[in-house]
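Novice: The primary structure of each chain is shown beneath.
Protein chains: 2
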Amino acid sequence: MAIQLECGLAMRQTTLHAVGSVTFDPLPLQLGGDFGPITLAYETWGTRNAEADNAILITHALTGNAHAHDVEHPDDPKAAWWNLLIGPGRPIDTTRYFVICSNILGGCYGSTGPSSLDPCTGKPYCMRFPVVTIRDMVRAQRVLLEHLGVNRLALVVGGSIGGQQALEWAVTYPEMVQKVVVVAATAALTAQAVAFSTVQRQAIMADPAWRGGDYELGQGPNTGLAIARMLAMITYQSEEAMELRYARNTNRCTPIPAPTQAADLGKRFDVENYLYYQGTLLVRRFDANSYLYISRAMDLYDVSEGYPSLDDALCRIRSKALFIGIRSDLLFPAAHVRWLAERVRSLGGDASYVELDSPHGHDAFLKEWKQMANALSVLKEL
Amino acid sequence: MAIQLECGLAMRQTTLHAVGSVTFDPLPLQLGGDFGPITLAYETWGTRNAEADNAILITHALTGNAHAHDVEHPDDPKAAWWNLLIGPGRPIDTTRYFVICSNILGGCYGSTGPSSLDPCTGKPYCMRFPVVTIRDMVRAQRVLLEHLGVNRLALVVGGSIGGQQALEWAVTYPEMVQKVVVVAATAALTAQAVAFSTVQRQAIMADPAWRGGDYELGQGPNTGLAIARMLAMITYQSEEAMELRYARNTNRCTPIPAPTQAADLGKRFDVENYLYYQGTLLVRRFDANSYLYISRAMDLYDVSEGYPSLDDALCRIRSKALFIGIRSDLLFPAAHVRWLAERVRSLGGDASYVELDSPHGHDAFLKEWKQMANALSVLKEL
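Keeping their order, the protein sequence lines are chains H and E.
According to the numbering used here, the residues represented by the first sequence are 1 to 382, in order.
According to the numbering used here, the residues represented by the second sequence are 1 to 382, in order.
Careful: at least some of the hints might be erroneous.
[What the hints assert, rightly or not] Derived lysine-lysine pairs resembling DSBU-like cross-links, with alpha carbons at most 30 Å apart: (1) H/370 x H/179; (2) H/267 x E/123; (3) H/320 x H/179; (4) E/320 x E/179; (5) H/123 x E/179.
It should be emphasised that the hints constitute simulated quantities derived from the structure, not laboratory data.
The whole structure should be built from the sequences, with the hints applied where relevant.
Specialist: Structure, rendered in structure tokens:
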């Protein structure tokens, strides 16, 4: 197996931080065929101990990346997506643990995805990229861990599609995972969540700039992707949160252009301005084809796939498991997360459930720092 | 005032049915300026009595039309949108009442809307159509009623945007409305509902075939409109309903093309096929510009507009009022409908509230015939 390792190290504020990437030979994919070579970009914080039993794997959400923590701005919640939960003395304690986060297979932050060059053609894969699944992402992460000298995980933790990966880790590699925290994720998406996802992909593919996926970087389906993101942002929040933040206000000073540049009909509501803004932000930082593939992996995920039944899959879990639901989550209803925790427990698993009492919907796992820290503190007792 | 009346009469199954349209001079619009001439297409069932006090006005939802009841197929729920609630001996009893339903201003079923010809240019208005409001729609309906010899309504009843119209009737013309039934509608849309609406409009306007609204009939933004409809259908249902109907099934025999014609990634879920089908259906029967204007009227509606406060608006209601909420409604949460009923009552109004215990979401008012009939039976006691 050909391996390339590229690393950069930085020692700041007592946290050893490394940024790197590893490239490895093709892997078999869940839906058939081999695919590779695969590069995974990753970051680590802290140090692997001699026993190599102090590793924590953090798995990111749809448009996330490996930058879960920022050692230069450790207190800025916007500097990295789980910044405040990671660091010395924090729930994911970098003085005790060797913390790893990698960009997922299919992503566009350094890992192999649709925008990567296909070595056979020298051109980006685009829609010739294979349909990858959560299981494939997890298999690739396992290879990365091998290269980092990690054969056992003290903890796997992630939210949303990251929670799906965490669950998949506990089921696929039960012997490797000591503890698992599944945040705002379930055994499989609801029909409604698949439906929202489908509309988003249609909006992207309806944009003529998508060109069947063969767009030049930077000249892609920006309008379509912005519209997809607008819809996604609604599903990441809740009726309650939007009412608290925007209600029917029309006070925002500088209206920004809509994705379509079309004029407002009548007036501009703040909630519209907010969505336009969020659409614009994502277009600047995310690849539309990656969005198609990763959101589809989320839809396709069903932890029971390949097992005789859901129970057979869940029975495999040997980890101490914590499931965290969010009261107002539209995408992964709290009742479903709780049900999953109870199912694992009823099968003899060591599972507990905590619910975030938040109006912020699915996104609460990226906002409710205090509640998330409290929930993760249960880990110590597990 | 120039008036043209065109009528066709049909007597079937004891229900006198009339189809017609009336054209009248310009009306002042809520957001300024006069607009006209305005044509309203309408249907009536039953006969106006000598006292002209037996009229019922039915107000339709976003993509609805004047065909609320079908005298030829009175038992087919698909033959007309409120078919089973209307007819001899039914809750809206055509042997006792003179029942009227007109296509709303802005629509595309015979009433003046963006696809109508602008008499000044001889070309369709398209986006030169003015932004119309629920109040404007109601004002136009009032002119129609005058022409039908109706100066007093025994009842106004409608759901969704039709419920907004019913509420507006009771507030704007309190002296004319004896009873009002507001189904699945509130004083104003939530921020989340506006957000869903905005995404739908962006999807339409992002379609290059929209051409700033200046498309040839039949060559409009079919893909964009289908995507908008797909999203709307999600908001008309509920997580529960979609789980009951589709779950994660992939059993449907004949996959129909997606609006974008793009291939499936991995497999086709039944819920996707259903949404594609619904998108296709709407494209065949609805004008995209009408969709933009009517959905915007829905967003802009706030019954308190033009009054010092919401209470000042609601205080005007003299009708006996019934508010019907739907347990699983995503667009107009039942709690908001109940709140509105209680507010009217607390202001001294004669208001009651009934909740449909249905998993079918917002659409329940077009599906739960038995519960709707039971709810409307309260009318007799009012």
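Novice: Would you mind marking each hint as holding or not holding in the structure?
Specialist: These are the hints, each one checked on the structure:
1. Among the hinted pairs, residue 370 of chain H with residue 179 of chain H is consistent with the structure: their alpha-carbon atoms are about 21 Å apart, no more than 30 Å.
2. With a C-alpha separation of about 26 Å, the suggested pair residue 267 of chain H and residue 123 of chain E falls inside the 30 Å cut-off, and the hint holds.
3. Between the alpha carbons of residue 320 of chain H and residue 179 of chain H the distance comes to roughly 5 Å, so the proposed pair stays at or under 30 Å and holds.
4. With a C-alpha separation of about 5 Å, the suggested pairing of residue 320 of chain E with residue 179 of chain E holds against the 30 Å cut-off.
5. The straight-line distance between the Cα atoms of residue 123 of chain H and residue 179 of chain E is roughly 68 Å, outside the 30 Å bound, and the hint therefore fails.
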